[in-house]
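Protein sequence lines, in the order shown, are assigned to chains A and B. The numbering of the first sequence is our numbering, which starts it at 1 and goes up by one. The numbering of the second sequence is our numbering, which starts it at 396 and goes up by one.
In case anyone wonders, no lab produced these hints; they're calculated from the structure. None of the values given here were measured: they were computed from a predicted structure. Please note that the accuracy of each hint is not assured.
Rough simulated footprint, nothing fancy, chain B against chain A, three-plus residues with beta-carbon under 8 Å [as the list claims (entries may be wrong)]: (1) 97–103; (2) 338–347.
Partner residues aside, some chain A positions facing chain B, computed with beta carbon under 10 Å [to be verified]: (3) V21; (4) D87; (5) R90; (6) A94; (7) I164; (8) L177; (9) R327; (10) Q330; (11) F335.
Which chain B residues stay away from chain A? Per the calculated CB distances, all over 10 Å, these [unchecked claim]: (12) E406; (13) L430; (14) E433.
C-beta: ideal position from N, C-alpha, C; glycine also.
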Amino acid sequence: MVVPDTLDIETDVILEDLPDVAGTIRELRARKPAMWGRAFGAPTLLLLTHELVQAALMDEETFPSAAFYGDVVTDVLGRNLQCMYGDEHRINRALVSPAFRQRLMPGLVGPLLEPVAHELIDRFEGRGEADLVAEFTSRYPFLIINRLLGLPRHAEEEVRRWGITMLDIQRNYEGALQASREFMEFVDPILQERRDNPGDDLLSTLATTEEEGQRLTDEEIFNFLRLLFPAGADTTYLGLGSTLYRLLTNADQLDIVLGNPAEECRWAGEEALRLDPPTSWIPRRNPHEVQWRGIDVPAGAPMMLGIMAANRDPAVYDDPDRFDVKRHPQVVMTFGYGAHFCLGAHLARTELQIALQVILERLPNLRLTTTDGVRITGTIHHLLRGPTKLPVAFG
Amino acid sequence: MKVVVDYDLCESNALCMDAAPEVFEVREDDNLYVLQEEPSEALRAKVEQAVRVCPKQAIKIVD
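Chain B extracted, bound-state conformation:
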């Protein structure tokens, strides 16, 4: 599983960080950092939740 963020859409709403903090972090500089571009399968449910809750729909999972 590969996590892809469209930074043209991302506005650091940080809902992804709430859903999957192991993978997404919005830092002090207000930018989103993808901590693991290829997270383990164990994190799939959380990453799928992040995809779902992002209001800008800026995240995709590429398998």
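Chain A on its own, in the form it takes in the complex:
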């Protein structure tokens, strides 16, 4: 069993800036539910239906996350949960997940999420206009991570810069490595202090947590912290941007949300995350030759699970390309599925909901000042997608 000589399509779903991503995916999916295309230049098996993507994510046994993540980016981000399998994964996830439980989220709204949202708006409210990406979405989740960890306020800009640089591995590898080192040097003395004198911040929790007699080592904590940036900041800022983009370009939907923001913000976010998942493809690498659901998958085959493709599958969602805040979609693949289901999903959803509520409350008559260059596009190639700017006026 080998990678076919002739691919079904030559399209590179990650590197190519397709003018109509949704349309392309729709056409491909209609042809075949799984096909050989390209990603990052290499022949890759693309899964394009909700059924196949969900099944592949659930099948950690056949397609373990570790087979892909274990090999890449570990020198910048370290060895984290995505690189683990089986018992090691279970134990490590159990060590870090309690702080992210759904039940704890309401407790973060007043003390953390709302103040950050208000603070960011305070900085530009007086001007009557702003770029919501540069001045809100690209800052909000970074500030939240910073404060959740209890890192010093004076370092907020620095931590954000390190966080952003660490993500730019493909284009600026040396810079990413350097940022990673600087971030760890910065956190190390703070971590040691918290081991001795824990507070009620997340860093203290990580410093002192125990599961089956095991604690987290310094390295494991650094690895988890570094995972928070791609998994918890990048994704959230793009998701929030995409939600705002959809509302600002669909006046009728915005009206529904404005009619009852306490109820509707949550569902607007959910629908936007379905339509434009920030992580539009989840990578896998198949370790052992297998015939899976009738599909031949050679050993070592790169795979891309189509998250946007699954979320827009007409077999599951009626009129799937329509942004409908009343849809209340179920089983969206945006946060993954199965053993590696995003452990920050509740925090992400709460962040999004609160940010939206505060923005709509503080910035009345919110509108785009131009649609020129305003679109949802690839940021880190097309693995991650969101708007790069949202120039708005308000008041």
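Fit chain B to the given chain A structure using the hints.
Frame of chain A, contents of chain B only:
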């Protein structure tokens, strides 16, 4: 029908509770309690929905 939860996977996301409150309850202590381990056939559709929506895929039906 027997409901089996893998507590190594369960993280109290509570989507099961939304789908089938007669069978699943996440309580104040943040633990999932299976209220009826062998629910009646009338509840099958709801329990199957719970199985489907659990993001950790921690629930199984054993017939």
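Quick rundown of the hints versus the structure:
no.: 1; hint: 97–103; result: holds (count 4)
no.: 2; hint: 338–347; result: holds (count 6)
no.: 3; hint: V21; result: violated (25 Å)
no.: 4; hint: D87; result: holds (9 Å)
no.: 5; hint: R90; result: holds (5 Å)
no.: 6; hint: A94; result: holds (8 Å)
no.: 7; hint: I164; result: violated (28 Å)
no.: 8; hint: L177; result: violated (33 Å)
no.: 9; hint: R327; result: violated (15 Å)
no.: 10; hint: Q330; result: holds (6 Å)
no.: 11; hint: F335; result: holds (7 Å)
no.: 12; hint: E406; result: violated (6 Å)
no.: 13; hint: L430; result: holds (19 Å)
no.: 14; hint: E433; result: holds (25 Å)
Hint check: violations occur at hints 3, 7, 8, 9, 12; the rest are consistent with the structure.
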